[in-house]
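Number of protein chains: 2
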Amino acid sequence: MEIKLNSPLDMHLHLRDGEMLGLTVPSSSKTFSGALVMPNLTPPLTSASSVLEYSGRIKEHSSGDVFTPYMTLFFKNSYTREFLHDIKDKILAVKLYTAGATTNSEDGISLPIGDDTLEVIGMLEELGIPLSVHGETTGFVLERETEFAAAYDELASSFPKLKIVMEHITTTTLAELLGRRENLFATITLHHLLITLDDVIGGALSPHNFCKPVAKSPRDREALRHLALSAHPKVMFGSDSAPHPRDKKESCCGAAGIFHAPFALQLLATIFEGAGKLENLQGFVSDNARAIYDIDPPPKTVVLEKKPFTIPKTCGGVVPFLGGSTLEWSIKEVS
Amino acid sequence: MEIKLNSPLDMHLHLRDGEMLGLTVPSSSKTFSGALVMPNLTPPLTSASSVLEYSGRIKEHSSGDVFTPYMTLFFKNSYTREFLHDIKDKILAVKLYTAGATTNSEDGISLPIGDDTLEVIGMLEELGIPLSVHGETTGFVLERETEFAAAYDELASSFPKLKIVMEHITTTTLAELLGRRENLFATITLHHLLITLDDVIGGALSPHNFCKPVAKSPRDREALRHLALSAHPKVMFGSDSAPHPRDKKESCCGAAGIFHAPFALQLLATIFEGAGKLENLQGFVSDNARAIYDIDPPPKTVVLEKKPFTIPKTCGGVVPFLGGSTLEWSIKEVS
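Line order of the protein sequences matches chains A and B. This note's numbering puts the first residue of the first sequence at 212, with every later residue one more than the last. This note's numbering puts the first residue of the second sequence at 212, with every later residue one more than the last.
One or more hints might be untrue.
Heads up, the list lumps identical chains together, so a pair's fine if it works in one copy or across two of them.
To be verified - Once the Cα atoms are required to be at most 20 Å apart in a straight line, the calculated SDA-like pairs of lysine to any residue come out as: (1) Lys241 to Asp326; (2) Lys459 to Ala415; (3) Lys372 to Met334; (4) Lys459 to Ser417; (5) Lys445 to Glu387.
Hints were generated in silico from the structure; no laboratory data involved.
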């Protein structure tokens with residue numbers, strides 16, 4: 212059995228910087244046609260020059276591949292209309308973080324959302340720049356996303372022409388909210404289709420399954436699977452692939468993040484075929500994103516075949532998601 | 212400020228075996244007058260000889276201290292009335308584990324509780340041997356204890372003369388159940404009075420705060436604090452102190468268990484005084500257990516004083532709970 216994917220897209224990706232680019236960029240550029248690149252570096256990407264330079268460094272590492280890094284800008288309350296107008300053509304979205312919600316998000320906005328933040332969001336609506344949001348409060352870990360739902364609802368209602376992407380949703384609450392506001396969209400990761408909190412803390416502690424937002428309950432996972440496997444038109448694949456060296460994961464204070472970009476398509480094919488929904492994979496992994504972001508990614512054809520593939524136990528010092536496991540699908544050809 | 216404790220008791224303790232006894236036994240025997248010792252060794256304690264030999268090894272390591280190890284027997288469906296009758300004087304309780312619920316519990320009973328299990332429980336009631344229970348299903352990690360509540364309720368109602376101790380309770384569900392059945396009692400650990408799931412997975416991943424049952428929500432913690440700080444007469448202190456070497460915690464598959472026995476009284480004094488309930492510490496840490504188990508532990512007086520004490524960062528290869536933190540209370544004198 213085979214499946215042909217046209218221009219697969221990863222609409223939520225962490226490529227890190229420096230030496231790590233040698234691992235992360237080829238991991239995605241070999242099989243994806245494009246990816247939305249997150250801006251939470253240290254320091255975060257908040258200027259045209261930092262976005263352009265980072266984009267340049269990414270392109271150096273993907274030089275042999277057909278691959279478009281769609282860039283994002285780290286949301287700041289201090290942005291002016293002129294600045295956003297000038298940078299508009301260099302980015303696909305502005306990414307808003309709540310302060311302290313995840314890796315390198317210290318410079319994010321504080322809650323409740325203030326007037327200065329709303330003013331900048333108004334400029335994005337006016338300029339037609341989508342807003343990508345890491346929507347979590349800093350409350351109890353299992354309630355953070357649910358507590359943010361009201362903010363999503365309010366933003367969607369206050370800025371009806373703004374496209375708002377709820378990133379890496381993990382709960383039934385946000386899965387339901389998606390249907391209630393026309394201008395709300397969502398990305399769903401790969402790991403949240405597979406794991407629950409049981410896979411993190413249910414048996415032995417599993418640092419390599421630890422990510423933010425943390426995986427939730429089986430019921431939550433089911434809601435995400437329903438959206439993804441049906442290729443709900445408001446939902447896109449966003450891997451949130453985020454590598455950390457093994458010693459930063461297996462430590463007294465393990466870093467949050469799961470790495471699976473090089474095996475994402477093989478994993479997705481295994482999940483979708485397992486659920487008898489292989490025909491919806493093209494929508495989830497490409498078509499929906501093209502429609503939502505109005506993009507035309509470079510042509511790239513990935514042929515997957517049903518043939519066992521074993522995920523390596525380690526990739527350049529990083530332990531990948533499900534390392535050592537054998538999947539049912541392999542990449543046959545990329546052209 | 213000082214407080215004098217008479218014969219403090221730890222009614223849920225893991226002493227391990229072999230070399231580890233050199234760390235665990237003195238950690239408890241120096242300051243506690245007695246402790247209920249858990250039987251989940253490899254293999255578990257299921258015979259009179261294994262209980263007596265283990266008790267002997269413990270006493271070798273506590274030889275300089277006034278300390279009674281109250282022994283437990285690992286529940287098996289195959290026990291006969293004669294066996295239980297003969298072993299009765301050597302143990303304080305029989306400990307029931309559900310299979311797979313925690314470390315070395317593979318030989319525990321399966322759910323729902325079967326007739327063979329109920330038959331043995333009936334013998335315990337008849338012989339007046341308390342039943343200590345690790346009450347968790349093998350369901351979703353956050354629901355395991357709550358799902359077991361019905362079994363507690365049924366056991367308490369079916370065996371009204373049996374004393375049933377719900378070990379290391381962590382949820383409002385069991386805190387509430389405690390008041391509904393006369394023959395239900397509970398132990399509460401130290402760490403569940405302090406941490407929530409936020410301290411395990413809310414920031415970086417914290418393997419040294421990882422235990423079973425996992426810490427729950429702030430609301431659950433509040434229910435436990437209410438019971439403990441008021442020295443509710445059906446509640447006893449049970450540390451569940453359970454050391455693992457650092458490399459077994461900071462690994463790809465971290466072991467569950469928190470170690471704090473040597474600092475338990477200093478920590479408890481800090482918690483109780485912080486809540487303005489220092490007068491209830493004697494009840495929680497000794498008097499309630501004496502009444503519930505009808506025991507008369509050896510006399511031992513521990514004087515604590517309000518003077519800073521810093522928990523070491525490591526104890527014989529084990530990272531203790533809150534290692535490196537400074538507490539407000541120290542041990543002044545033990546006699």
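Results for each hint:
In this assembly of identical chains, the alpha carbons of lysine 241 and aspartate 326 never lie at most 20 Å apart, being 43 Å within a copy and 59 Å across copies at closest. When the C-alpha separation of lysine 459 and alanine 415 is checked against a cutoff of 20 Å, the pair qualifies both within a copy, at 18 Å, and between copies, at 10 Å. Taking the closest pair of Cα atoms, lysine 372 and methionine 334 come within 20 Å of each other only inside a single copy of the chain (11 Å); across copies the shortest separation is 71 Å, beyond that limit. With identical chains, the CA atoms of lysine 459 and serine 417 are at most 20 Å apart both within one copy (13 Å) and between copies (12 Å).
With identical chains, the CA atoms of lysine 445 and glutamate 387 are at most 20 Å apart within one copy only, with a shortest distance of 12 Å there and 43 Å across copies.
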